Amino acid sequence: GESVGLHLPTLSVQEGDNSIINCAYSNSASDYFIWYKQESGKGPQFIIDIRSNMDKRQGQRVTVLLNKTVKHLSLQIAATQPGDSAVYFCADIGGSNYKLTFGKGTLLTVNP
Amino acid sequence: KAGVTQTPRYLIKTRGQQVTLSCSPISGHRSVSWYQQTPGQGLQFLFEYFSETQRNKGNFPGRFSGRQFSNSRSEMNVSTLELGDSALYLCASSSLASTTDTQYFGPGTRLTVL
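Protein chains in written order, with the numbering used here: chain A, 1 to 112; chain U, 1001 to 1114.
So here's chain A without its partners, still in its complex pose:
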């Protein structure tokens, strides 16, 4: 079946650096993409989303880039802080399906 995958399972950065988390998707019908952050013991928290008619969207310290040609999604976190340490998931929805398909997740560790 269709799936969303992540290139790297772990990412370690220094506080203050920029972080980039990557994601590949396979469903060509996907038209909505979301990044979630999950801290230990909590449910996934919405970070930012992007629709397929856009290639970039910015939030507070976060930017999502979408490359539909190669079916690639990335999350950029500026000036990474210790509080950003968590598992980050990308997810997508395509067509009339209300099901979110999640990637396996990337563990981001921010070193002080």
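Just so you know, the hints here were simulated from the structure itself, not pulled from any lab data. Misleading hints may appear alongside valid ones.
[To be verified] The calculated lysine-lysine pairs, modelled on PhoX-like cross-linking and capped at a C-alpha distance of 25 angstroms, are:
id, chain 1, residue 1, chain 2, residue 2
1, A, K104, U, K1057
2, A, K71, A, K56
3, A, K42, U, K1013
4, A, K56, A, K68
5, A, K42, A, K68
6, A, K104, A, K56
[Claimed, not checked] Here are some of the chain A residues that sit facing chain U, going by a computed Cβ distance under 10 angstroms:
id, residue
7, Y32
8, I34
9, Y36
10, Q38
11, K42
12, P44
13, F46
14, K71
15, D84
16, I93
17, N97
18, T101
19, G103
The model shown is predicted, which means the values in this text are computed figures rather than measured ones. Here a beta-carbon is modelled for each residue, glycine too, at the ideal position from N, C-alpha and C.
Assemble the complex: chain A is given as a structure, and chain U must be docked to it using the hints.
Here is chain U on its own, set in the frame of chain A:
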């Protein structure tokens, strides 16, 4: 606005028992989805309800079932529990009928099957 709430937060059951988990969506949200999260399989979609109707179902056995009430609260039930059902069960709600409406997650129910 209060977020998505799930009860209970933790549950311990033995094989063969059944369990019912509850989810209260964000006020005004009519869509509720359920996901199972395990270290090996990640987050997997169970089913989604909108206005008391199941719109989508994932690839889980019939032991997993759910329902939604007129106030949008939802329950999921797992019968004849197996060890492999140990997982974090997450509920998410969204406001409208469109697939591009953001889903907001609750804290989850941690189910342990012994």
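(message) Please check whether A:K42 passes as an interface residue: C-beta within 10 angstroms of a C-beta belonging to chain U.
(response) With a closest approach of 6 angstroms, the A:K42 hint holds.
(request) Double-check A:K71 for me: the hint is only fine if its C-beta lies closer than 10 angstroms to a C-beta in chain U. (result) violated (18 angstroms)
(message) Checking hints one by one. Is A:P44 an interface residue toward chain U, by the C-beta closer than 10 angstroms rule?
(response) holds (5 angstroms)
(request) Against chain U, run the beta carbon of A:T101 and see if the smallest gap drops under 10 angstroms. (result) With Cβ-Cβ at 7 angstroms, under 10 angstroms, it holds.
(request) Grab the minimum C-beta distance from A:I34 to chain U and call the hint holds if it beats 10 angstroms, violated otherwise. (result) Constraint on A:I34 satisfied, holds at 7 angstroms.
(request) For the hint on A:D84, just tell me whether its beta-carbon gets within less than 10 angstroms of chain U. (result) violated (18 angstroms)
(request) Report holds or violated for the interface hint on A:Q38, using the least CB-CB distance to chain U and a cut-off of 10 angstroms. (result) Cβ of A:Q38 sits 8 angstroms from chain U, so the hint holds.
(message) Does A:K56 sit within 25 angstroms of A:K104, going by the straight-line distance between their CA atoms?
(response) Between A:K104 and A:K56 the Cα gap is close to 23 angstroms, so the pair holds against 25 angstroms.
(message) Is the interface hint satisfied for A:Y36? The criterion is a beta-carbon contact with chain U at less than 10 angstroms.
(response) This interface hint holds because 7 angstroms falls under the 10 angstroms limit.
(request) Would you mind confirming whether the straight-line C-alpha gap from A:K104 to U:K1057 stays at or under 25 angstroms? (result) Measuring from Cα to Cα gives roughly 20 angstroms; hence the hint holds.
(message) A closest beta-carbon separation below 10 angstroms is what the hint needs, so does A:I93 meet it against chain U?
(response) With a closest approach of 5 angstroms, the A:I93 hint holds.
(message) Need the status of pair A:K42, A:K68: alpha-carbon distance at most 25 angstroms?
(response) Outside the cut-off at roughly 31 angstroms; violated.
In terms of the numbered hints stated before, the structure departs from hints 5, 14 and 15, listed from lowest to highest.
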